Structure formats: structure tokens, C-alpha cells
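K.L.:
Below, each chain spelled out in residue letters.
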Amino acid sequence: MHEGMTDEALMLAYRDGDAKAFEALYSRWRGKLYRYLLRQCGNAAYADELYQDIWLKIVNARKGYEVAAKFSTWLFRIAHNRLIDHYRRHARDAIASYEQDEESDFAEAAAAALPAPASEQPETLLERKELAEQLVHHIDALPAAQRETFLLSEEGEMTLEEIANATGVTRETAKSRLRYAVGKLREGLKEVGEARGVR
Amino acid sequence: MSDRKTENKPVNQENIPDAALSRLYKVAATAEPPSALDNAILAAARAEISSASHRAQRPWWQRWAVPFTAFATVVLTVSVTLNVNDEKEAREQAKLRQEMAQAAPQEWPQALPADGPSIVGSSTDDPNMGRTSADVSQQAPSAPTLNELSQPRKQHQKLISASRQSGTAVAKIAEESQKPQRALSAAPITNSPLTHAEPERHAFEKSVSADKAKQTKLQDHATSSAEVAARVVSPPEPASAPTGAPATSSNSGYLQNESASPSTSGANVYSESKVMKAPAASFAGSGASRQMARNSESDVNARSKPADVALKKESALSSSLTEQSDTPRSIEEWLKDLRLLKKQEKTKEFQEAHVAFKRAYPNFKLPEDLR
Chain A
1 MHEGMTDEAL
11 MLAYRDGDAK
21 AFEALYSRWR
31 GKLYRYLLRQ
41 CGNAAYADEL
51 YQDIWLKIVN
61 ARKGYEVAAK
71 FSTWLFRIAH
81 NRLIDHYRRH
91 ARDAIASYEQ
101 DEESDFAEAA
111 AAALPAPASE
121 QPETLLERKE
131 LAEQLVHHID
141 ALPAAQRETF
151 LLSEEGEMTL
161 EEIANATGVT
171 RETAKSRLRY
181 AVGKLREGLK
191 EVGEARGVR
Chain B
1 MSDRKTENKP
11 VNQENIPDAA
21 LSRLYKVAAT
31 AEPPSALDNA
41 ILAAARAEIS
51 SASHRAQRPW
61 WQRWAVPFTA
71 FATVVLTVSV
81 TLNVNDEKEA
91 REQAKLRQEM
101 AQAAPQEWPQ
111 ALPADGPSIV
121 GSSTDDPNMG
131 RTSADVSQQA
141 PSAPTLNELS
151 QPRKQHQKLI
161 SASRQSGTAV
171 AKIAEESQKP
181 QRALSAAPIT
191 NSPLTHAEPE
201 RHAFEKSVSA
211 DKAKQTKLQD
221 HATSSAEVAA
231 RVVSPPEPAS
241 APTGAPATSS
251 NSGYLQNESA
261 SPSTSGANVY
271 SESKVMKAPA
281 ASFAGSGASR
291 QMARNSESDV
301 NARSKPADVA
311 LKKESALSSS
321 LTEQSDTPRS
331 IEEWLKDLRL
341 LKKQEKTKEF
351 QEAHVAFKRA
361 YPNFKLPEDL
371 R
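Chain order of the listed sequences is A and B.
Letter by letter, the first sequence follows residues 1 to 199 of my numbering.
Letter by letter, the second sequence follows residues 1 to 371 of my numbering.
Rather than coming from a laboratory, the hints here were simulated on the basis of the structure.
Predicted, not measured: the structure shown is a model, and the values here were computed from it.
Using N, Cα and C, we set each Cβ at its ideal position, and we do this for glycine too.
Do not rely on the hints blindly, as some may be mistaken.
[Stated by the list, open to error] The calculated DSBU-like cross-link candidates involving lysine-lysine, where the alpha carbons are at most 35 Å apart (straight line), are:
no.	chain 1	residue 1	chain 2	residue 2
1	B	Lys-346	B	Lys-358
2	A	Lys-184	A	Lys-32
3	A	Lys-63	A	Lys-129
4	B	Lys-342	B	Lys-358
5	B	Lys-26	A	Lys-32
6	B	Lys-358	B	Lys-343
7	B	Lys-346	B	Lys-365
8	A	Lys-20	A	Lys-32
9	A	Lys-129	A	Lys-32
10	B	Lys-26	A	Lys-184
11	B	Lys-343	B	Lys-365
12	A	Lys-129	B	Lys-336
13	A	Lys-57	B	Lys-26
14	A	Lys-20	A	Lys-63
15	A	Lys-190	B	Lys-26
16	A	Lys-57	A	Lys-70
17	B	Lys-336	B	Lys-358
18	A	Lys-70	B	Lys-26
19	A	Lys-20	B	Lys-26
20	A	Lys-20	A	Lys-57
21	B	Lys-358	B	Lys-348
[As the list claims (entries may be wrong)] A few chain B residues that face chain A, going by a derived Cβ cut-off under 10 Å, partial list only:
no.	residue
22	Ala-20
23	Ser-22
24	Ala-29
25	Glu-32
26	Ala-47
27	Ala-52
28	Ala-72
29	Val-75
30	Leu-76
31	Ala-90
32	Arg-91
33	Gln-93
34	Ala-94
[What the hints assert, rightly or not] Just so you have them, the derived chain B footprint on chain A, three or more residues with Cβ under 8 Å:
no.	region
35	47-61
36	127-140
All chains should be modelled from the sequences, with the hints used to inform the complete structure.
P.N.:
Take a look at the structure:
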């Protein structure tokens, strides 16, 4: 019954007293939100704490919910703000990546040197799994801002405008962050592929 | 296959995000939240709905019970406080009225004129309010009564009159008896003046008795001296003789007069009287001694002959005129002597007497027959 409903419709239904609608909505976004927080915090305990806080905020905001933006944007906006609070308490160095000017030459250069996408050759399942682990390793190595942008793009399935809206930056900043993140990840995977080629 | 994500994303030249990366990422993204978290969140979501529905299902009187109770409590508290204040004010006013009613009747008797006897005071602070002065004086236990104070004074007056009749010594004694009385009257009236006055009165009584004894002694002396003067009776002497007599002798006159000639017997008589006067003068005042001298003189004159009386008078007169006696003579005596001298046509003596009288009484205007 709730499968064809949009995220916004489910939330409205929950506002009107439909607990099942919230369950459907929760099932859609529970994994994505958790992974987003896990990649950002780097610690499962912190990720659990932040995850619960965010969803309780969603529940408490039930009565006053109005469709002003996409549910995903609204959800990840709450998550971003909660994450910033976490950084301020536990990881102040992570905030520096947010304050860095995303329109720097470094970002443009990184974008310019973006390697071409790898050809889609069937790798073995094992190889794919090892590459994925390497990818996750490189994602963790990204700066917080670029990482978040990449994750919002991947987990939140958000456009640049939505990412900009959720993080409180301009579209160009969001674009630069994403470009830098993608370039770094491609560079890392290229090195892994070359190393295999050597083998 | 094109997944939903790539279809929704705009196409860009940078190929960001990268499809291969996305697929690769999906292989790695397998982490899931713990079930405990899921259960907690879902329970919270359901609880939120159930509480809201519960609030919505309660009847209106249940929903308004708490605010109404709070409002009623406030109203009751305020009303009780106001009532208590009102009652307090009413009590205070009633109390004031009661006090005024009690005070007002008590003030009326005080406004009435004080015609009758003393009015007993009320519960005011002034104990003497409404009382007359007599009552106050009578009720004052500390002050001695007038009778008590006047008793020694009455005795003193009796003594004075007795001394005047008897002689100068008694008068002197009476004067001395006044000293303790003056001390008694001058002393401040304390709470127990009688206790202070009693020893004074005892002392005064003792002095009075002693004075009485002295008085009897002096009376005896006076009678004996009068007898002595009566024994010494001499023939009449010329008028000039008394002038040669010493004028200033007083205390030493007795010895001189003993060796005097018979021609000066009149002076001796007078000097005898002067001798009598001298010891008396040490006791009494001026008036009493003069009286005593006159009495002794009159006694002496009563025993001698009438012819001798005239001579003796002359000698006494001359000696008194020329001599400055301790006691001044009265105006009547002066006038009498002056008239006598004028009648006898003794101009010189009259002038001398006139000068002496003027010296004694300069302001007195002589009658025309003596001018």
C-alpha cells in the first residue's frame, strides 16, 4: 500500500497518524542514512548515536511537517547539521575541510586531471569485492566536505542543487567538492588497477 | 541497465558522478543499522502517534481540568488573602472605636468646674489630676504639718514676751533659741522630716530649759543690784558736777565710782546703773538693755526723796546727753529733756542737747516750741 507513495506522501501520512507510513519511509532510508553517518564518523558508536538522534527529530517534527523540499533533502540536512555538531565536539580538524574554499585552483586542477572512467570489464567477484574495499578505503581518506558530497550523491541520490541545499553551500561549491572527490577516487582505483596489471 | 539514480541525474561532461564508481561503491556499501536502533525508532514513532491520539480522544472537561484547577486555586488564594486583610482592618477599627469610647467618658469629669471636693483621678498618668491643693497637702506624707512646725515657734514667742517683761538677759536667751528653729525651717523637707526635726526639737527644748535657768539667775542678779543701788543713796549735788564726770567710762566705771567723792554720788548711782548695764549688754539686745536700765533707774528713784529726784534726773540727763552711750535714746526722751532744759532756761545745755539730738536723728523735724 505504501510502496507507490513518495517519500513526502508517506511523511504526510505519518503526520496524520499513520504509523505504517513511517515504517515504510524508515525502511527506505535507514541503510543510506546509517552508511552516510558511518563513513563520515569512522566510528560505529558515534554513527549509532547520531542516527537515533536524527530519526527522533524526524518523529518529533511530525506534527509540523510541511512539504517544502524533498524528504531526502530534509533528512540529510538534519543529518549534516548533526554531523557538524559532532565534529565540533569530537573532530575539530574535520571542520577545516568544510571551511576551505571549494573554488580553489586545487579543485579545478583536480577536476581537470580527472582520469577517464575505467572501461567496464567484467572482473571476478572477488576482484570486485577487493576493489570495493579499496574504494571504501579511499573514500575514508577523502576530506570530510568532499566525502560528504560524494556520499550525498551516492547514498542520497541527490543532485548538485539538492546537495548544495542540504549542506548550505552554493551549487558550484558542491560541484567542486564532488569533482575533487571523484578525481581522487579514480586516481586511487587506477593505481590499484596498475598494480594488478603489474602482477 | 540504467538505474534510477543515473536517469534522475543530469548529464554533465565531467561524468560525475562516475557510474563505475557508483557500482563499485554499491558493492562495498553493505553496512546496516542495528535492529535495536530500528526497534527504538519505530517505537518512538508509534508512541508519538498514540499519545497524540489519546490527547485528542479525551473529553473536553478532562482536557480543561488542569488549567481550570490552576485558575481556581489562584482565585481562591487571592480571595482568602483579601478577606483576611478586610477582617484584620475591621478588627483594628473596632478596637480603635472601643478605645475611644472608653477614653471619652473619662475625660468628661475633668472638664467640670472644681466646685466640690476633690475628684479622684482615673487611670491617667497624672495621680494628682482632679485633686485640690488641700487634699494634696494633706495626703502628702512626706511634709510635716503646720501644727508640728508651729509648736516650737509658739513656745519661742512666749519666751520672748517673758524676757521682755523680765530683762535683757532673757531676750538674749530667746534670740539664741531661735537659731535651732531657723535651722529647722531652713532645712529641706525630705520624705521623713519629722525624723530630722525631732532631734532638733529635743535640742531646742534643752536650750529652752537652760535658758530658763539662766533667766532666773539674771533676775536674781538684777534684784540684788537694785538693792545695792538703793543702799548707795547720796545728798544732791550741783548740776555742774556731773559734767566733770568721765563721759566714756563704761566697764571701768564701777571701780572709779567707788573711789569717787560724795559729790559725784549721783553720777555714781548712774554709773552703778551703767555697771548693771554692762553685763546685761553682753546678753541682750539694745532695746532690752535700755528697758532694763530704765527699770533699775526707776527703782532707784522710787526709793530716794523727791528733792533728790530732781538732782538725780539732772545728773542722769547731763551724763546721758554728753556721753555716747551704747544704747541710743528714743526721740521722746530727747524731746522731754530738751523741753526741760528750755523751761529751766539753760540755753547752753539746751543747744548742746539740740546738737546731739540732731546728730542722733538728723531727719527728725523738731516741734516749733523746741526750735
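K.L.:
None of the hints should be skipped; say for each whether it holds.
P.N.:
Each hint, compared with the structure:
1. B/Lys-346 to B/Lys-358: 18 Å, holds
2. A/Lys-184 to A/Lys-32: Distance of about 22 Å is within 35 Å: holds.
3. A/Lys-63 to A/Lys-129: 44 Å, violated
4. B/Lys-342 to B/Lys-358: 16 Å, holds
5. B/Lys-26 to A/Lys-32: 11 Å, holds
6. B/Lys-358 to B/Lys-343: 20 Å, holds
7. B/Lys-346 to B/Lys-365: Measuring from Cα to Cα gives roughly 21 Å; hence the hint holds.
8. A/Lys-20 to A/Lys-32: The hint holds at about 20 Å.
9. A/Lys-129 to A/Lys-32: 19 Å, holds
10. B/Lys-26 to A/Lys-184: Since the Cα atoms of B/Lys-26 and A/Lys-184 sit roughly 18 Å apart, the hinted pair holds (cutoff 35 Å).
11. B/Lys-343 to B/Lys-365: 20 Å, holds
12. A/Lys-129 to B/Lys-336: 181 Å, violated
13. A/Lys-57 to B/Lys-26: 28 Å, holds
14. A/Lys-20 to A/Lys-63: Since the Cα atoms of A/Lys-20 and A/Lys-63 sit roughly 16 Å apart, the hinted pair holds (cutoff 35 Å).
15. A/Lys-190 to B/Lys-26: 18 Å, holds
16. A/Lys-57 to A/Lys-70: 16 Å, holds
17. B/Lys-336 to B/Lys-358: This hinted pair holds, its Cα atoms lying about 15 Å apart.
18. A/Lys-70 to B/Lys-26: 23 Å, holds
19. A/Lys-20 to B/Lys-26: 28 Å, holds
20. A/Lys-20 to A/Lys-57: Given that 35 Å is the threshold and the Cα spacing comes to 18 Å, the pair holds.
21. B/Lys-358 to B/Lys-348: This hinted pair holds, its Cα atoms lying about 15 Å apart.
22. Ala-20: With Cβ-Cβ at 5 Å, under 10 Å, it holds.
23. Ser-22: This interface hint holds because 6 Å falls under the 10 Å limit.
24. Ala-29: Interface hint status for B/Ala-29: holds (5 Å vs cutoff 10 Å).
25. Glu-32: This interface hint holds because 5 Å falls under the 10 Å limit.
26. Ala-47: With Cβ-Cβ at 9 Å, under 10 Å, it holds.
27. Ala-52: It holds, given that the least Cβ distance between B/Ala-52 and chain A is near 7 Å, below 10 Å.
28. Ala-72: 30 Å, violated
29. Val-75: Violated, because the Cβ-Cβ distance from B/Val-75 to chain A comes to roughly 33 Å (cut-off 10 Å).
30. Leu-76: Violated, because the Cβ-Cβ distance from B/Leu-76 to chain A comes to roughly 35 Å (cut-off 10 Å).
31. Ala-90: Result: violated, 55 Å to nearest chain A Cβ.
32. Arg-91: 57 Å, violated
33. Gln-93: Since the shortest Cβ distance to chain A is 59 Å, the answer is violated.
34. Ala-94: For B/Ala-94, the interface hint is violated, since the closest Cβ of chain A sits about 61 Å away, which is over 10 Å.
35. 47-61: holds (count 7)
36. 127-140: Contact hint for the region 127-140 of chain A vs chain B: holds, 8 residues under 8 Å.
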